[in-house]
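Asker: Counting from 1, position 182 in the sequence shown corresponds to residue 182 in the working numbering; the numbering is continuous, with no gaps.
The hints are simulated quantities; they were obtained by calculation from the structure and are not laboratory data. Any given hint could turn out to be false.
Dumping the calculated DSS-like pairs for lysine-lysine here, alpha-carbon to alpha-carbon at most 25 angstroms [to be verified]: (1) Lys6 x Lys43; (2) Lys16 x Lys151; (3) Lys4 x Lys16; (4) Lys79 x Lys8; (5) Lys196 x Lys31; (6) Lys151 x Lys79; (7) Lys232 x Lys6; (8) Lys16 x Lys31; (9) Lys43 x Lys17; (10) Lys196 x Lys151; (11) Lys17 x Lys4; (12) Lys79 x Lys43; (13) Lys196 x Lys79; (14) Lys17 x Lys196; (15) Lys8 x Lys232; (16) Lys151 x Lys232.
In this text, all values refer to a predicted model and were calculated from it rather than measured experimentally.
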Amino acid sequence: MLSKNKIKYIRSLEHKKYRTATSSFVAEGYKVVADLLPTFHCKCLVATSEWLDNNATALASLRQTVTEIHTVTDEELRKVSFQETPQQVLAVFQQPQWSADIYHIAQNNLCLALDDVQNPGNLGTIIRLADWFGIEHIFCSRNSADIYNPKTIQATMGAIARVQVHYVDLPSTLATIDSGIPIYGTSLNGDNIYTKPLAPNGIIIMGNEGKGVSAPVNALVTEQLYIPNYPKDRPTSESLNVAIATSIICAEFRRRIL
């Protein structure tokens, strides 16, 4: 059974200021919690007896990384869940402390940079896409959506166990990149992504949902890409959703090296 204080604490993590103050975040559901338990320290695990019984073996090996376990009814779980239909398990995790040098990563690998992507669902989907395409680091501008928003965590479907997200001053960070490392941006005036040569390493920048890549960041882009619509002269939508555009671009980069 959960105390009123514990319920209040978990519910408070819907808000960024409390997530930041406690360095905590909430994850829910079978898949997400299962992926995160071996990777992050779990401060509090809240689950039904059925889930705990079904996962007893796995939990036994992870017991040292879980501080508290609470057995609850479906009704109690609904009191702390951020989902309309809770999935038997909710966990509060410690936020990881990551550091990474974008210059050294981009020398030999692809990484993503997100310039003020605002929608939590878009951010979570992009993290999931990065995981699928083997991109292990994403550098976000400080005004981008919060990775630890419950909606973002849910949209990642556990991918944050394998993809590190860093918040940086994007213009000043990109300004440190050596001229030999390509910085790709997207633009209606860019080169056709399907015919343009693409490197196996570098930085791919994706912009804000409404405004695209900001002027200070765009000034540092060395290679502009364009995803052409089909057929060329047909009236069509003004733009693609940023997560969809990211999937197309990442798929084309990876297709070149298969």
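Asker: Tell me, which hint numbers fail for this structure?
Answerer: 5, 7, 10, 13, 14, 15, 16
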